[in-house]
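> Just so you know, the sequences run in chain order W and B. 0 is the number of the first residue of the first sequence in numbering that gives the first Met the number 0; add one for each residue after it. 0 is the number of the first residue of the second sequence in numbering that gives the first Met the number 0; add one for each residue after it.
If you are wondering where the hints come from, they were derived from the structure by calculation, not from laboratory data. There may be inaccurate statements among the hints.
Copies of the same chain are indistinguishable here, so a pair counts whether it falls within one copy or spans any two.
Unchecked claim - Below, a list of computed lysine-lysine pairs in the BS3-like style, where the Cα atoms sit at most 27 Å apart:
no.: 1; residue 1: LYS330; residue 2: LYS236
no.: 2; residue 1: LYS365; residue 2: LYS133
no.: 3; residue 1: LYS66; residue 2: LYS224
no.: 4; residue 1: LYS133; residue 2: LYS121
no.: 5; residue 1: LYS366; residue 2: LYS381
no.: 6; residue 1: LYS224; residue 2: LYS69
no.: 7; residue 1: LYS133; residue 2: LYS359
no.: 8; residue 1: LYS224; residue 2: LYS366
no.: 9; residue 1: LYS66; residue 2: LYS432
no.: 10; residue 1: LYS432; residue 2: LYS330
Values in this document were obtained by computation on a predicted structure and should not be read as measured data.
Protein chains: 2
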Amino acid sequence: MWLELDRESPLTLARQIYRQLREMILNGDLASGHKLPSTRSLASELSVSRNTVIEAYSQLIAEGYLKTYKGSGTVVADGLHALDIVVPMERKLIITPEKAPPEKEIIDFRTGIPALEYFPRKEWSNIYREVCQKGPASGFGYCGASGIWELREAIAGYLYRTRGLSCAPGQIMITSGTTQGLSLISHILRDNQKTVLVENPSHSGLRNVITMAGCSIEGVPADEKGLRTELIHDKRKISFIYTTPSHQYPLGGILPIQMRLELVRYAEQNDCYVVEDDYDSEFRYEGPPVSSLYELNPQRVIYCGSFSKVLAPALRLGFMILPQKLLGKYKQLKTYSDLHTDSLGQYTLARFIQNGGFEKYIWKMKKYYGRNRSILMKELSKWLPGRFDVLGHATGLHVVVQFHDTIFTREIINTIVDNGVRVYPVGSFYIVKEPEHNDKIILGYSHLPPDKIVRGIEIMSNALL
Amino acid sequence: MWLELDRESPLTLARQIYRQLREMILNGDLASGHKLPSTRSLASELSVSRNTVIEAYSQLIAEGYLKTYKGSGTVVADGLHALDIVVPMERKLIITPEKAPPEKEIIDFRTGIPALEYFPRKEWSNIYREVCQKGPASGFGYCGASGIWELREAIAGYLYRTRGLSCAPGQIMITSGTTQGLSLISHILRDNQKTVLVENPSHSGLRNVITMAGCSIEGVPADEKGLRTELIHDKRKISFIYTTPSHQYPLGGILPIQMRLELVRYAEQNDCYVVEDDYDSEFRYEGPPVSSLYELNPQRVIYCGSFSKVLAPALRLGFMILPQKLLGKYKQLKTYSDLHTDSLGQYTLARFIQNGGFEKYIWKMKKYYGRNRSILMKELSKWLPGRFDVLGHATGLHVVVQFHDTIFTREIINTIVDNGVRVYPVGSFYIVKEPEHNDKIILGYSHLPPDKIVRGIEIMSNALL
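Given the sequences, and given the hints that come with them, work out the whole structure.
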C-alpha cells in the first residue's frame, strides 16, 4: 500500500499513517469491505515498528473507519465514501500574522491610555507570583461571578479612603473592565419600550457597547459643565442614563451639584437608573477629588470604576457598584457570559491595594501626568499664544483646547498627520458628527513622554501657522 | 458651628468637614444664602489647621454647594435643600462576606474540576513574572479582540502536534473560557426563526448559556455512542448543533465516523453550523486521541477548546476555531463585550506551550488521572462486584457507571450525602429530568486524591448494600 511518511514532520508516524488511510477511505480509494494488510506486513513494508501500525489501526477502529472480524482481519467499514466532505490535506501551518505592517512612528494625542512604561512591573509580578505559589489550591478553581471577596473588600476600603464613598463590598461586582460592566448592565436594563440616554458628545466605543446589547440610544447635549440635565424632561420611557459626572468625556466638565440632584431626582421619579462612569477621577491636579453621584442615591446610581486607566488595560479589571435590586440579575448574566473574571489577577490586585502599593502608585502617576499636563500647556501657550482656551477642569488624562481662529477640518487634520502628529477634533465625538465643534480638539497626554509632547505640539502648531 | 471630627477615622479631617457641611446643606440645616464662618475662625473653632478647612470649603465650592462673593465671603448656593434625596450617613464599612459558613467536608464526585493542587504554580508564575518584567510596555495596553498572536500561533502548533488538527492561527480566537465562546457564538448565530439543537443529556450550565443568549434550544437524544444523528431529520430551521463528539458529556461516548459524516453533511445541506465542544479529550487513557469533527468540514464546524480542565478554571482561558465567514462578526461582538481577554495570562500561556512545559504537564496529569481512574474502578469492583457496567470510553475526567439493580432515587442520593459523599444520577442531566436514567451515575475523579476516592466509594457502596 502506497503511503508516504515524512520523518521530519511534527506528526508521529502512526498519526501520518492514520491520516493517509483515513483520506483514502473517505475519498473512496479504499472502498467499504476492502481488507487491509496485516499490521506486521504493513509495518515491514513501511519499515516502521509494528506498534506504530497497530496504533494507527486502533485509532481508525476506535473512530469507526475500520472493522475487525475474527479471522478475516481488518476491513474498511461501510458508508464512508464521502467525496462531498471537505477533507483538509496535510499542510504546514500557515503562519501569517494579521497585523498590518507597522506604520511610520506618529505622535498620537489619543486619550485614555496610561503611561504603560511606568506599569509597576516588579511589585505586580512579585505579588502575582506570591499569590500563585503560596495561595490555597482552591484559588485555581472557579470563583463566584461577583469576584473574589478580598478584592471587593479592598475596593470598598479604597473608595472610602480616597473618595469618601461608602458601599458594602457585597454590592461591588468585579468586571472584566468597564466595557463588560456596561455591556452586562445594558443587557439587564434593555427594554424595547425604553431608550438609553447618553451624553452627546461621548465615547463612541461605549455608545456601541450599549447599542450592541440591543438598546436604542438617544443623545442629550453636554457642555463644559457636563450633561445638560435641564434638557431631560420629555416623558418618553428611559431605561438608564449614561453619564460621566466627575469629568465629562470628552469635554472635561464637572457636573454641578444642582444638576446632580436633578439627575437622581429624575431617576427616582421615572423609575430608571443613572450609570456613573468614573473613568479617570483618580487623577485630579487641583482641589480634592469630586464626590460621586452614587452617594446621592445608591438605589438609583450604578457606579462604574476601571483599573485600565490607573494600572493597565491589559489586565481587564474593573468593577461596578450595583443597587441591591440588580445584584441577582447581574450575577446570573455574568455567570452565563464568562462565569467570572480571571481570579489570579483579582487576588493580585487585592493585595496590591491592601499593601498600600496601589495608592502609592497612583500618587506617583498623578505627579507624572500633572507634569505632562503643564508641559503641554506651556508648549501650547508658547506656540499659539492667545489663540486658544482650555475647557474643563484640571483632571484626568486629556485636555480639550478650543481655538478662536481655527477649525480642524479633515484637510488640516491630514496635514498634521502627514507631519507625524494625530489630534482629535471634538466634532467627531458626537453621535452625528458636528463639524461646528471642530474648533475644539482633544489632547491626551498620559501615554506620551514629555519630549514627544513638546515635539508634537511644535509640529501641530507649525501646521497651524 | 457644630461639627464632630473623628481623628481615628480613615477619612481625612477635611473630608469629614466637607461631608458634614454637605449633609447640613442637603437636609436644610444650612439654608441657601446662609453665610459660613471664615476658614480661619472655623479652623480655630475645630482646632484644625486652616488648610484643612480651606480644602473642605474649596471642594464644596468646586461641587457647587457653596459660592464665594467678593467681600461677602462664602455662602450656601441655591436650590440644594433636598430632603427627598437619600444621603448616606457616615458609616463604617459593612464587612460581611456573602459566603455561607463552610458546610461539613463532603467527598464530592462532581465532574470537570482538575486537580488544583497540582497546578504548575512555579513554572506558571515564573513565566508570568518574566512576561511582566521583561515584556514590551505595549503588552500592558489593549490587545486585539482575537487575542495575542503568539498564543494563537502556539495553540495552532499544539493542536497540530497533539491532535493532527491543522488550522490557521488567524482563525483561532482567544476566549475567556468556553462559556464566553459559546455565549458569543450563540449571540452571533441567534435567529428567532431557528432553533439550537443540543445533545440530551448534556451540561445544563452550557444549555443555559445558549438560552441566556436568546436562543431557543431543543434536545436530540444521545446514547453511549454519542449524539443520535439519525434523529436529526426534521426540516425545522436549525442555527447550530451543540455537540461533544470526542467524549459525549456526560455519557462518555465517542461519536462514530458514520455519524460524524452525517452531522457535517446535515450542516452543509441545511446551511447551519456544528459547535464541537472538545472539553477534555487531552486525557485519553487508552488508544490515540480521537480526531476532531472540525477536520471533516472547517467551514461548518466551530471548535471550542478550554484550558480550564487542563490547567485551571481560575485563568479563564479558552479558544475557538472559527470559519472565516464568522471571524468578522465574532471580533466585533467580542470587542463590545469585554474588548479582549487578559493579555498577561495570554502571553504566559503562549510561552508555557512554546517551551514545552504545557505538554509535559498534560502528560504528568494524564498519568495521575489515569491512576485515579483505575483506583476508582478497582474500588467499585471490590465493593459492588457484578452489580454495574462502565459506560463510555476510558477518557476524560469522569466515568459513568450503570447499575443493574439500583435506581438512584432522591432518597438514596440523600442517604449517601448524609454519609458524606455526593454522586450525580444521569437523569438530572436531561433537559427534562428523566428518572428512568437514574440507574446511571457520574463519578468525577480528577479533583479527588486517591484516598478520598477509596473512602468515597466505600461509603457509597455501604449505602447501597
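> Run every hint past the structure and note whether it holds.
Hints and how they fare:
1. LYS330 to LYS236: within (26 Å within a copy, 32 Å between copies)
2. LYS365 to LYS133: between (33 Å within a copy, 25 Å between copies)
3. LYS66 to LYS224: Answer is between; shortest inter-copy Cα gap is 16 Å, intra-copy 78 Å.
4. LYS133 to LYS121: both (18 Å within a copy, 10 Å between copies)
5. LYS366 to LYS381: within (22 Å within a copy, 71 Å between copies)
6. LYS224 to LYS69: between (87 Å within a copy, 23 Å between copies)
7. LYS133 to LYS359: Both, since 25 Å and 23 Å are each at most 27 Å.
8. LYS224 to LYS366: within (25 Å within a copy, 65 Å between copies)
9. LYS66 to LYS432: neither (68 Å within a copy, 36 Å between copies)
10. LYS432 to LYS330: The answer is between: 25 Å across copies meets 27 Å, while 37 Å in one copy does not.
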